[in-house]
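Line by line, the protein sequences are chains A and B. In this text, residue positions in the first sequence follow the numbering used here: the first is 1, and each later residue adds one. In this text, residue positions in the second sequence follow the numbering used here: the first is 365, and each later residue adds one.
Everything labelled a hint here was simulated from the structure, so no lab data went into it. Each residue gets a CB set at the ideal place from its N, CA and C atoms; glycine is no exception. Treat each hint with caution, since some may be false.
What the hints assert, rightly or not - Sample of chain B residues with no beta-carbon within 10 Å of chain A, all distances over it, derived: (1) 377; (2) 386; (3) 426; (4) 442; (5) 455; (6) 460; (7) 462; (8) 465; (9) 481; (10) 490; (11) 508; (12) 514; (13) 549; (14) 609; (15) 620; (16) 624.
To be verified - Dumping the calculated SDA-like pairs for lysine to any residue here, alpha-carbon to alpha-carbon at most 20 Å: (17) A:24 x A:308; (18) A:24 x A:36; (19) A:24 x B:494; (20) A:24 x B:482; (21) A:24 x A:305; (22) A:24 x A:40; (23) A:24 x A:240; (24) A:24 x B:481; (25) A:24 x B:503; (26) A:24 x B:480; (27) A:24 x A:35.
To be verified - Computed footprint of chain A on chain B, listed as stretches where at least three residues anywhere in the stretch have a Cβ under 8 Å from a Cβ of chain A: (28) 415 to 422; (29) 445 to 451; (30) 597 to 605.
One-letter residues, chain by chain:
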Amino acid sequence: MLKRGRLGPPVGAVTPPRPAGLRKRWLAAGVLAVLVALVAGVSLGPVSLPPGSVAIELLNLLPGVGLDSGLTEREIAIVTELRLPRAVLGLLVGGLLALAGGAYQGVFRNPLADPYLLGVAAGAGLAVTVVLTLGVGAGGALSGLPATIPLAAFVGSLGAVAMTYLLGSAGGRSRSPATLILAGVAVSAFLSAGQTYLLQRHAESIQQVYSWLLGRLATAGWQDVRLVLPYFLVTSLVILLHRRELDVLSVGDDEAASLGLHPQRSRYLLIAAASLGTAAAVSASGLIGFVGIIVPHTVRMLAGASYRVILPLSLLFGGAFLALTDVVARTAAAPQEIPIGVVTALLGGPFFVVVLRSVRRVLT
Amino acid sequence: MTGSSAAPAVDLRDLRISVDGTSILAGVDLTVATGEWVTVIGPNGAGKSTLLRAVGGLLPAPDAVRLFGTPIGGLRRRDRARVVATVAQSPVVPPGMAVLDYVLLGRTPYIPPLGRESAADLAVVHEVLDRLDLAGFHARELATLSGGERQRVFLARALAQGATLLLLDEPTSALDIGHQQEVLELVDQLRRTHGLTVLATMHDLSIAGEYADRMVLLAAGRVVAVGTPREVLTDRLLAEHYRASVRVVDGEHGPLVVPVRPRRQ
Numbered sequence: 001m002l003k004r005g006r007l008g009p010p011v012g013a014v015t016p017p018r019p020a021g022l023r024k025r026w027l028a029a030g031v032l033a034v035l036v037a038l039v040a041g042v043s044l045g046p047v048s049l050p051p052g053s054v055a056i057e058l059l060n061l062l063p064g065v066g067l068d069s070g071l072t073e074r075e076i077a078i079v080t081e082l083r084l085p086r087a088v089l090g091l092l093v094g095g096l097l098a099l100a101g102g103a104y105q106g107v108f109r110n111p112l113a114d115p116y117l118l119g120v121a122a123g124a125g126l127a128v129t130v131v132l133t134l135g136v137g138a139g140g141a142l143s144g145l146p147a148t149i150p151l152a153a154f155v156g157s158l159g160a161v162a163m164t165y166l167l168g169s170a171g172g173r174s175r176s177p178a179t180l181i182l183a184g185v186a187v188s189a190f191l192s193a194g195q196t197y198l199l200q201r202h203a204e205s206i207q208q209v210y211s212w213l214l215g216r217l218a219t220a221g222w223q224d225v226r227l228v229l230p231y232f233l234v235t236s237l238v239i240l241l242h243r244r245e246l247d248v249l250s251v252g253d254d255e256a257a258s259l260g261l262h263p264q265r266s267r268y269l270l271i272a273a274a275s276l277g278t279a280a281a282v283s284a285s286g287l288i289g290f291v292g293i294i295v296p297h298t299v300r301m302l303a304g305a306s307y308r309v310i311l312p313l314s315l316l317f318g319g320a321f322l323a324l325t326d327v328v329a330r331t332a333a334a335p336q337e338i339p340i341g342v343v344t345a346l347l348g349g350p351f352f353v354v355v356l357r358s359v360r361r362v363l364t
Numbered sequence: 365m366t367g368s369s370a371a372p373a374v375d376l377r378d379l380r381i382s383v384d385g386t387s388i389l390a391g392v393d394l395t396v397a398t399g400e401w402v403t404v405i406g407p408n409g410a411g412k413s414t415l416l417r418a419v420g421g422l423l424p425a426p427d428a429v430r431l432f433g434t435p436i437g438g439l440r441r442r443d444r445a446r447v448v449a450t451v452a453q454s455p456v457v458p459p460g461m462a463v464l465d466y467v468l469l470g471r472t473p474y475i476p477p478l479g480r481e482s483a484a485d486l487a488v489v490h491e492v493l494d495r496l497d498l499a500g501f502h503a504r505e506l507a508t509l510s511g512g513e514r515q516r517v518f519l520a521r522a523l524a525q526g527a528t529l530l531l532l533d534e535p536t537s538a539l540d541i542g543h544q545q546e547v548l549e550l551v552d553q554l555r556r557t558h559g560l561t562v563l564a565t566m567h568d569l570s571i572a573g574e575y576a577d578r579m580v581l582l583a584a585g586r587v588v589a590v591g592t593p594r595e596v597l598t599d600r601l602l603a604e605h606y607r608a609s610v611r612v613v614d615g616e617h618g619p620l621v622v623p624v625r626p627r628r629q
């Protein structure tokens, strides 16, 4: 074996080839992006606060820190009670959507897989609509989610991904990556029709459901953060621990099995985790599309194609991306807010074309 | 190398495989001794690939397949993967994956399920890359390699598995004749230096005969002939089971099968 020096690469080799893995500078870039998004998310809004003071005020939240930021009591309240929970929720939801997208892409060996294109989000959406319109176990108030909503969303998202998978497999051996996406589109359309029907029957809830559907980080409070956090932790832990298995799965089920893996077991576990994450994201913030496709693909293009790189970086950059998108959504047409789902769709549509062009080879 | 008294590398007893009610293998008996090279031939649909999949543990045959004396059903997946490695007929080429990472996948049965590779795993991978003249290729993207280079990388992954039984499903079907010879010479050399046992399927009968110690002719899911290449590659057997018009001539390393256009009636 090569002797390892005290610092830096092993002594005695020019540059020993290393396997794909998360490089420190990329990890640092991801953490930096999250911090920038957090400060920007808290500083920018109807009342603009100096980013330096905001950064100090964020540091003050750490135990044992007590610096003077120069902000007034009212401004500090804006930071800690209004903008911070909203920025944090953006980080959690964006991270979950990007991570789930990356995991689905690995599990289905399909570059176009995404919580939205697979119908997972539509399933969660329908389930949440059922809860909101029929008032199943709900107190009715939107801010402060009824605890039944994430569970219902989870059941809805698992049901939807199962439908998509079965429908996509119906083509047997002739199926291609595009088949799965077409199945997802069909399942989404079917579930959305169910949702429309429900809304039509319960016109009194339309306003409430629509403001949620289009994506809402606006009314986020610490309560929402507390609700999403456990799902976020479970989903991230399960998916990140299996990141190497996703690389093994990329050679196909047969070869993965001959390498000693249990491909179907890994797949079900990862689908469950990604769907749980999607469900939590959807129940907290409504339908926010394209994050699961924009972020993992950008990471793949810039930092490497291994899931050991894609997944942790998607979590970080996905969070930063959504928190920053939220800043755009609430400042671009101020004092009006643009629904955040509209902003991600405006960005995601053109991006999808880029992805399609780059994966044409895979699809045909 | 294990002595002749040890259990055979592969021992098939009445192996039967059906898919969707259709019988693919209808009772196959076969033994492959440790260190031997056995090549399975047969017309399309004879069940060659199915046979290899069953030996590799990809099809349920818990008692009919024994590897080095152990019924395959008694091996855990990871243990099985340390005993038998497969090079598929057309392995999946994951987009964007570098050669080093691909060959490292061969260490999967040694890496703890949620863990990462050890220095020892990397050392094995580098040794294999060196041995197959792939040392300069570690950072190359698999998808950018030529057919011959790629086949060497597929072999490297199988070798990194550290298994002594190598299953090769049509290892040369995608290669030109020069690369076919290069790959098969390499396999033969590794077999001799590392005591590997090789069970392969092949379409090109002349090349198959030059490298195999023994051949198995499979037709409609049954073994119809087993023996040395000279015993199996005969005009009569090939005419009967391939419905082919061929002439078998003597070559330096075994019989050569030459297709001959049938006479007009």
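Hints and how they fare:
no.: 1; hint: 377; in the structure: holds, 22 Å
no.: 2; hint: 386; in the structure: holds, 15 Å
no.: 3; hint: 426; in the structure: holds, 15 Å
no.: 4; hint: 442; in the structure: violated, 4 Å
no.: 5; hint: 455; in the structure: violated, 6 Å
no.: 6; hint: 460; in the structure: violated, 3 Å
no.: 7; hint: 462; in the structure: violated, 7 Å
no.: 8; hint: 465; in the structure: violated, 5 Å
no.: 9; hint: 481; in the structure: violated, 7 Å
no.: 10; hint: 490; in the structure: violated, 8 Å
no.: 11; hint: 508; in the structure: holds, 13 Å
no.: 12; hint: 514; in the structure: holds, 13 Å
no.: 13; hint: 549; in the structure: holds, 25 Å
no.: 14; hint: 609; in the structure: holds, 33 Å
no.: 15; hint: 620; in the structure: holds, 33 Å
no.: 16; hint: 624; in the structure: holds, 36 Å
no.: 17; hint: A:24 x A:308; in the structure: holds, 13 Å
no.: 18; hint: A:24 x A:36; in the structure: holds, 18 Å
no.: 19; hint: A:24 x B:494; in the structure: violated, 28 Å
no.: 20; hint: A:24 x B:482; in the structure: holds, 19 Å
no.: 21; hint: A:24 x A:305; in the structure: holds, 16 Å
no.: 22; hint: A:24 x A:40; in the structure: violated, 24 Å
no.: 23; hint: A:24 x A:240; in the structure: holds, 17 Å
no.: 24; hint: A:24 x B:481; in the structure: holds, 18 Å
no.: 25; hint: A:24 x B:503; in the structure: holds, 19 Å
no.: 26; hint: A:24 x B:480; in the structure: holds, 17 Å
no.: 27; hint: A:24 x A:35; in the structure: holds, 17 Å
no.: 28; hint: 415 to 422; in the structure: holds (count 4)
no.: 29; hint: 445 to 451; in the structure: holds (count 5)
no.: 30; hint: 597 to 605; in the structure: violated (count 0)
Checked against the numbered hints above, the structure violates hints 4, 5, 6, 7, 8, 9, 10, 19, 22, 30; every other hint is satisfied.
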